[in-house]
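For reference, the chains in residue letters:
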Amino acid sequence: MDMILGHYNYWMVIIIMMAGFYTVISRGNLVKKIVGLNIFQVSVFLLYISIGNVKGGATPIIEKGVDLYSNPLPHVLILTAIVVGVATTALGLALVVRIKEAYGTIEEDDIHNQDQSL
Amino acid sequence: MAVIVKHNLILRVVAKFIIPLIFLFALYVQFHGDFGPGGGFQAGVIFSAAIILYALVFGADKAKRVITPYVLRLLASLGVLIYAGTGVATIVLGGNFLEYGVLASSQVAGQHLGILVIELGVGITVMSVMLIIFFAFAERGQAVLSSNAESEQE
Amino acid sequence: MIDNIVDITLLSFLVILALAIIRMRSLFAVVMLFSGFSFLSAGLFVVMDAADVAFTEAAVGAGISSVLMLATLALTYSSKNADKEEKPTTHKPWLPLSVVVITGALLIYGTYDLPSFGDPEAPSQLHVAPYYLENSMPETGVPNVVTAVLASYRGFDTLGEVTVIFTAGIAVLLLIGGRRRVKPNVKKNGGDREA
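Those sequence lines, one after another, are chains A, B and C.
The first sequence: position 47 = 47 (my numbering), numbered continuously.
The second sequence: position 64 = 64 (my numbering), numbered continuously.
The third sequence: position 184 = 184 (my numbering), numbered continuously.
In short, the hints are calculated from the structure, not lab data.
Be aware that one or more of the hints could be misleading.
Listed next, the in silico DSS-like pairs over lysine-lysine satisfying Cα-Cα at most 27 Å (straight line) [what the hints assert, rightly or not]:
no., chain 1, residue 1, chain 2, residue 2
1, A, Lys33, C, Lys87
2, A, Lys64, C, Lys87
3, B, Lys62, B, Lys16
4, B, Lys64, B, Lys16
Using C-beta positions, here's what the derived DEER-type ranges look like [said to hold, decoys possible]:
no., chain 1, residue 1, chain 2, residue 2, range
5, C, Ile16, B, Tyr70, 27 to 35 Å
6, B, Leu81, C, Ile2, 45 to 53 Å
7, B, Tyr70, C, Asp113, 48 to 56 Å
8, B, Ile10, C, Thr89, 39 to 47 Å
9, C, Ala29, B, Ser105, 27 to 35 Å
10, B, Leu78, C, Leu126, 35 to 43 Å
11, A, Ile25, B, Phe17, 20 to 28 Å
12, A, Gly56, B, Leu11, 40 to 48 Å
13, C, Thr111, B, Leu24, 38 to 46 Å
14, B, Phe17, C, Val6, 31 to 39 Å
15, B, Val92, A, Gly56, 44 to 52 Å
We treat Cβ as the ideally placed atom computed from N, Cα and C, and that holds for glycine.
Construct the entire structure; sequences and hints are all you get.
Quick look at the structure:
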């Protein structure tokens with residue numbers, strides 16, 4: 001029981017991670033691929049924050065009378081990662097828009113066919 | 001994106017009411033980030049969300065009159081400049097790069113000032129980059145829509 | 001105990017949403033589900049004592065990301081196609097499925113070496129974190145340790161992040177800035193390659 005409660009978070013995070021991974025490698029639609037990539041990203045955030053969590057700890061804002069805090073370091077790393085993540089997502093979406101303008105489709109199979117018929 | 005909601009009275013009234021509150025909240029998050037949850041990253045995003053809401057309800061063209069793309073590009077670089085400039089200022093004052101202690105008379109006061117200034121830089125850059133990205137997408141939408149309209153006329 | 005229940009419920013919801021996103025064909029629904037997914041994960045961050053992260057995730061993931069994805073959908077699908085459905089894939093799902101299952105099994109095997117969730121004696125809790133928690137208040141006078149570490153102890157790191165965001169903004173401008181019009185006659189036969 002302790003094993004299950006102590007590792008439940010990691011297992012669920014890995015399932016979410018694999019769901020994102022599956023979307024990225026099996027779906028042909030580029031927007032859906034980017035959604036999958038974002039799911040993968042969120043699962044990595046969850047993994048980091050899970051590792052930083054301390055049972056019974058408080059949010060790391062120093063206050064008198066509280067002496068157990070969660071680990072602030074993963075929070076810092078993930079905070080910046082989220083904002084950088086949205087910037088890179090925007091870049092990916094911009095590439096999708098350009099691909100649509102160049103090929104007239106955002107389905108990977110159609111793009112591949114067009115490239116082969118050149 | 002470029003579709004402007006014309007007749008949605010409730011949306012317009014609520015947006016007008018709520019946008020100043022979002023700005024106020026963004027400023028609170030920006031300058032209260034030392035004491036509560038928050039900081040430059042969050043404040044920048046919330047600030048840009050308010051302007052994006054304005055653009056969605058009233059149209060991107062009107063939003064661009066509030067804050068022009070040229071100003072946005074200036075602001076995006078200004079934020080990075082403020083951040084890096086703080087580092088250079090600490091070197092000039094005799095410390096290491098980004099060693100805020102030398103900015104004021106005491107270590108703690110210097111740290112406080114330094115953190116406030118660089119969070120401001122972060123907030124400005126994040127806000128303007130998010131808006132630059134949004135306006136780039138919205139502008140593309142207008143270009144595509146107008147070319148579609150032309151092709152339909154033919 | 002109540003923490004565990006909330007934690008398990010939210011994580012289960014996240015898994016269900018992720019699976020629904022895989023199955024869903026309508027891209028509009030996918031984007032809206034992703035927005036909900038981000039919001040739920042923000043709730044989970046609050047449960048795990050990461051208020052700053054939750055804040056950012058709620059604003060960025062559920063807000064800006066979704067708006068940008070919707071904008072992309074509006075740009076890539078015509079307004080007549082209201083559902084914005086993706087095409088069914090022609091491949092069989094077995095190869096990607098087996099890759100995913102094997103990778104997942106290996107990762108789950110790897111978690112057996114991890115310290116259990118919330119363990120105060122875990123190695124990650126013992127090294128730099130106590131230093132930050134003890135010294136950030138006397139050294140910087142900022143009660144929010146996350147802000148202190150972000151802006152002061154790891155200020156150099158954050159400078160890099162801000163530069164990354166700035167660069168991403170420039171790259172998006174280079175890619176889709178400017179009002180280039182799509183020529184209607186070129187669009188009909190599949191688009192111009194040079195663009």
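Against the structure, the hints come out as follows:
no.: 1; hint: A/Lys33 / C/Lys87; in the structure: holds (13 Å)
no.: 2; hint: A/Lys64 / C/Lys87; in the structure: violated (58 Å)
no.: 3; hint: B/Lys62 / B/Lys16; in the structure: holds (14 Å)
no.: 4; hint: B/Lys64 / B/Lys16; in the structure: holds (17 Å)
no.: 5; hint: C/Ile16 / B/Tyr70: 27 to 35 Å; in the structure: violated (46 Å)
no.: 6; hint: B/Leu81 / C/Ile2: 45 to 53 Å; in the structure: holds (48 Å)
no.: 7; hint: B/Tyr70 / C/Asp113: 48 to 56 Å; in the structure: holds (54 Å)
no.: 8; hint: B/Ile10 / C/Thr89: 39 to 47 Å; in the structure: holds (42 Å)
no.: 9; hint: C/Ala29 / B/Ser105: 27 to 35 Å; in the structure: violated (59 Å)
no.: 10; hint: B/Leu78 / C/Leu126: 35 to 43 Å; in the structure: holds (41 Å)
no.: 11; hint: A/Ile25 / B/Phe17: 20 to 28 Å; in the structure: violated (46 Å)
no.: 12; hint: A/Gly56 / B/Leu11: 40 to 48 Å; in the structure: holds (45 Å)
no.: 13; hint: C/Thr111 / B/Leu24: 38 to 46 Å; in the structure: holds (44 Å)
no.: 14; hint: B/Phe17 / C/Val6: 31 to 39 Å; in the structure: holds (33 Å)
no.: 15; hint: B/Val92 / A/Gly56: 44 to 52 Å; in the structure: holds (46 Å)
When the structure is compared with the earlier hints, violations turn up for hints 2, 5, 9, 11 and for no others.
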